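Following the hints, complete the assembly by docking chain B onto the known chain A.
Note that the protein sequences, when read in sequence, are chains A and B. If you use my numbering, the first sequence corresponds to residues 1 to 538, in order. If you use my numbering, the second sequence corresponds to residues 539 to 984, in order.
Hints in this document: simulated from the structure, not taken from any laboratory. Remember, it's a predicted structure, so these values are computed and weren't measured experimentally. Treat the hints with care, as some may be off.
[Unchecked claim] Lysine-lysine pairs mimicking DSBU-like chemistry, simulated, CA-CA at most 35 Å apart: (1) A:89 / B:543; (2) A:79 / B:825; (3) A:170 / B:825; (4) A:430 / A:186; (5) A:186 / A:79; (6) A:450 / A:311; (7) A:432 / A:360; (8) A:328 / A:186; (9) A:311 / A:170; (10) A:512 / A:186; (11) A:186 / A:170; (12) A:89 / B:578; (13) B:578 / A:79; (14) A:450 / A:511; (15) A:79 / A:170; (16) A:432 / A:512; (17) A:512 / A:360; (18) A:170 / B:578; (19) B:578 / A:3; (20) A:432 / A:345; (21) A:336 / A:432.
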Amino acid sequence: MFKALNIPLTIGFFLLCFWTIALLFSYSRPASPAKPAAGTGVRWLLRCVCLLFLATYLYQATWQLAGFGRPAFMDFMRKYSRRPVNPAKEMARGSILDRNGVELAVNARSDNLLRRYPYGRGFCHLIGYADPMFGLSGLEAADNAFLNGSSLSSPDELGRFSMNILNHRKAEGNDLILTIDARLQKTAAALLRNRPGAIVALQPQDGSVLALVSAPSFNPEELDASLFSDERKNSSPLLNRAVQGLYPPGSIIKIMVAAGAVEGGFSDVLDCPAQGYTPPGPHHRPIRDHEYYEYQRRDETWQGWGRIGLKEGFARSSNVFFAQMGVKLGSRQLNKAAERFLFNKPLVLFEGSSGTISAKQSFWPVVSPEDPGSLAQQSIGQGALLVTPLHMALLAAAIAHDGELYAPRLAMRTPPRLLDRIMDYGVAEKLKQLMRYTVEHGTAQGANIKGLNIAGKTGTAQASEGADHSWFVCFAPLERPAIALAVLIEHGGYGAASALPVAAELVRKAKKLGLLEPEAAPPAETKNKAAKKNIKLK
Amino acid sequence: MVREKFTIIDAWRFRRQERSLFFWSFLAILVGYVLVVIRKTGRIPADWQGYLPLLVYLGAMLFIHLILVLLKFRGDPLLLAAVFFLAGFGMLTQFRMGTFEIIISDRLSNYAFPAGLALMLIVTVLFRRGRFRVLRPLAIPCALLAAMLLGAILFLGQRYRGALFMPGYINPADLIKILLMIFLAGYFARWQKEGEHAPVGVTSLVPMLLLWAVPMGLLVLQRDLGMLVLLNAVLLVLAVVATGRISYLFFGVLGAGILGGVMFLFSAHGQARFTTWLTPFADPTGKSWQILQALSAMYSGGLWGVGLGGGSPQFIPIASSDFIYAVIGEELGYAGCGIVLVFYLVLFFRGYQIAARIAAPFGRLLATGIITTLAFQTLLNIGGVIKALPLTGITLPFISHGGSSLLTTFLGVGLLLAISERETETKKIIERPKAAKAKRKRSAGG
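This is chain A alone, in the form it adopts within the complex (with noise of 0.2 Å):
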């Protein structure tokens, strides 16, 4: 029966507090002069004692009040506090949903697990995880705050926060929505085959990551220590190689240096002779195109392309004609593309609450015009030049996009930003076709499927050791872009052979989701038109 005394009798105490709180500060309130000089001492003690003070106070709230921020706290408060009130069961952080709504990680009610992936392995490299034992990696990690409630960035999590301080017995996160396609991600994963390799889908218009994949994979419910230990290290689980991976980009550079052709006004029709080309200056061994050392294998003579311009040089891939062209072009064009081409700069996949997602540096060495060697090394995609498969699908999707390049976009959330117009409309529309040209009549006519209008560029890249690593950079379709591609396989040799496929069933899988129609993002489109005619008018 005295129960219900409770709340009275501490609505009670709190108030009788405050009221002699509020008496003692009335009361306080004349007080009488200090000695001057000696009083200086004492009272700057004073300032700092309650400043002290009050820093402890405030910290005191990052976990009394705070507390649902810190997800190692929360874990150990569900597993060992026995108390009758448990705010920690309660809480529920937020899930993380595709563009339409599916769920690829929510919270799990059991003692030795926090979250549940319901689509396991395929997204374990983008979205992470939330382990009791091995703590946070990926989304998970980069946008922790966010997902337990307490960032501000937004009135929402404002909100939000606000709410949760003042009921945190059932403290909620915010649910961060991506503007990955589960299923298009599905079928990128399952295409991959847990090859070594990686796979990265955007949507031109804005940038918009349809699907990031890296294999081999984990499954991110069943970590256990061997993942982090040593001996896995030689196939790197844990890496996303979609972001994190550095590799040669072989014949895909030349998609940027012929932008710098180009744009440079090159026309030049040159002599692609079997036997190569070898650069001017001692120590330089012959560049030859890769069907001299296949007519060499089977014993027969090649006769070489003979005198082509830069449309058959793009479709045949040859190196010796983009080595001869890169020479012609200099160091200062091409060093000035690969800078405007985001080489040798930082590149973020993701702006989180508790941290960012970004991608490795591509490396391009800048060359110097004394060094005809290198320029034509890394005119053919070899030499000291590194990239990530998320830049080689930047690429794509700038070219795509009339040479408007967006910054990769994961969140919903995150608004859409041109990062930069990295080359003309007339320049992106020579590449398109150029691209086009080699699905037609290319190396690329595996990717040659009526309806889907693929226009891409193969690549074949040297690896350091071991078979070729293979690349496809495409985008589709030519006429009104909604999706672009970069395909990696490691070690999976020519570009046409395994990587290339990959990418063709994933644009074709992407057409039978709707993602190429129009509507897909329709205000993008009309900017876009609206760009092109400015550019058209000048």
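Chain B only, in chain A's frame:
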């Protein structure tokens, strides 16, 4: 200037604020007491024995108030009011923890609360009206006494929970805080003239530091690192306040950093506490169990707490002494912790004001030393509980369970009260109560 006689009636009026604040504090404590009793027994006790701790509190406070009025005491009434509240709150918390049961008790420390209040009154009465200055020549004997006390504990004491105790779990080491403050104040005051900073150079500090090193060395041997940190921090503050040289703070912190680093290398005890502080989740069920349970309790409490007596302090090891702040956090919430902190700050504010108003160096330094010790002690304890600092094993003044710590706190506050009356002796200041009285009349009329 006519010297007006300060009668008992005047004293009764002068201490009006103290009385009214005590009245409201008592009401708050009473309500809290009833809450705890209801949670404990499910009923409101009808007989007077059920209210014994509360009656002891009421009686002691009324007694102190009346004695001070009768003695025409003119020390700071607001300081005493803050002490009244904190003492009542401490009593309430200890009663809630079940460590304050006067009737059925044979443990010495349970009498610490009434004994402490009595000690405070005795010290105030003994040293009031500037008589605290008799302590000034005792500076060096005080340091020697502190060293002897520590030596005695080292040889006679037993180890319990990482600290040394004399038989009966009394730890007289706390008393050295007051002894060493008297020593420091007396030593610095030697060079200081009224209203000026002491021109103390580094060389003249050497004998003091040598003497200071003896008790500090004994503390190291006892592994009482919390006390060591506390006392040396106060030493630095006093050196700066006495000399007005900020450089002492800089070199002091530098020296303390080096010495602390060296000691840290040899002290496994200190290292363990430090790593627990830095990485609490490395060993959650072992070394960090206590601190994490304390933080869990506070998080469960939230803003307003689960109600007095409604929490579960049994899950926090040693909740009633070192971790009492976590219990307050759980049961009264963040708001309740704020209330306690406000009363502490009022106490420190008044204490520093007392210090700033005294011209004589010894009184000012002694008051500064005592208040700074209390303030740092509070900070170290609370900072440890909320994981802002490594755990130091230092108690929360007035509230933590612990006999000698409570006695020392009351002793220090008693001295402070005595010092606060010092100024009313001189002719100049006799005018102030009169002016204040006139002001009060004016405000009462309006």
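Each hint, compared with the structure:
1. Note on residue 89 of chain A and residue 543 of chain B: the hinted pairing is violated, with a Cα-Cα distance of about 68 Å set against a maximum of 35 Å.
2. A C-alpha spacing of about 16 Å is found between residue 79 of chain A and residue 825 of chain B, which places the hinted pair at or below 35 Å, so the restraint holds.
3. For the suggested pair residue 170 of chain A and residue 825 of chain B, the alpha carbons sit about 29 Å apart, so the restraint of at most 35 Å is met.
4. Of the pairs offered as hints, the one joining residue 430 of chain A and residue 186 of chain A holds, with about 34 Å between alpha carbons and a cut-off of 35 Å not exceeded.
5. A hinted pair counts as satisfied when its Cα atoms are at most 35 Å apart, and residue 186 of chain A with residue 79 of chain A qualifies at roughly 34 Å.
6. A distance of roughly 22 Å separates the Cα atoms of residue 450 of chain A and residue 311 of chain A; the hinted pair therefore holds under the 35 Å criterion.
7. Proximity of residue 432 of chain A to residue 360 of chain A is assessed by CA-CA distance (about 27 Å); at most 35 Å being required, the pair is judged to hold.
8. With a C-alpha separation of about 45 Å, the suggested pairing of residue 328 of chain A with residue 186 of chain A is violated against the 35 Å cut-off.
9. Annotation: proposed proximity of residue 311 of chain A to residue 170 of chain A is violated, straight-line Cα distance about 64 Å (limit 35 Å).
10. Between residue 512 of chain A and residue 186 of chain A, the direct Cα distance comes to roughly 14 Å. Compliance with the 35 Å bound is thereby established for this hinted pair.
11. At roughly 34 Å between alpha-carbon atoms, residue 186 of chain A and residue 170 of chain A fall within 35 Å of each other, so this suggested pair holds.
12. Between residue 89 of chain A and residue 578 of chain B the alpha-carbon distance is near 27 Å, which keeps this suggested pair within the 35 Å criterion.
13. A hinted pair counts as satisfied when its Cα atoms are at most 35 Å apart, and residue 578 of chain B with residue 79 of chain A qualifies at roughly 28 Å.
14. For the hint pairing residue 450 of chain A with residue 511 of chain A, the CA-to-CA distance comes to about 12 Å; that is within 35 Å, so the pair holds.
15. This hinted pair checks out: residue 79 of chain A and residue 170 of chain A have alpha carbons roughly 17 Å apart, not beyond 35 Å.
16. Taking the CA atoms of residue 432 of chain A and residue 512 of chain A, the gap is near 23 Å; set against the 35 Å cutoff, the hint holds.
17. Note on residue 512 of chain A and residue 360 of chain A: the hinted pairing holds, with a Cα-Cα distance of about 33 Å set against a maximum of 35 Å.
18. Annotation: proposed proximity of residue 170 of chain A to residue 578 of chain B holds, straight-line Cα distance about 28 Å (limit 35 Å).
19. Note on residue 578 of chain B and residue 3 of chain A: the hinted pairing holds, with a Cα-Cα distance of about 11 Å set against a maximum of 35 Å.
20. A threshold of 35 Å between alpha carbons decides the hint, and for residue 432 of chain A with residue 345 of chain A the separation of about 25 Å falls inside it, so the pair holds.
21. The straight-line distance between the Cα atoms of residue 336 of chain A and residue 432 of chain A is roughly 21 Å, inside the 35 Å bound, and the hint therefore holds.
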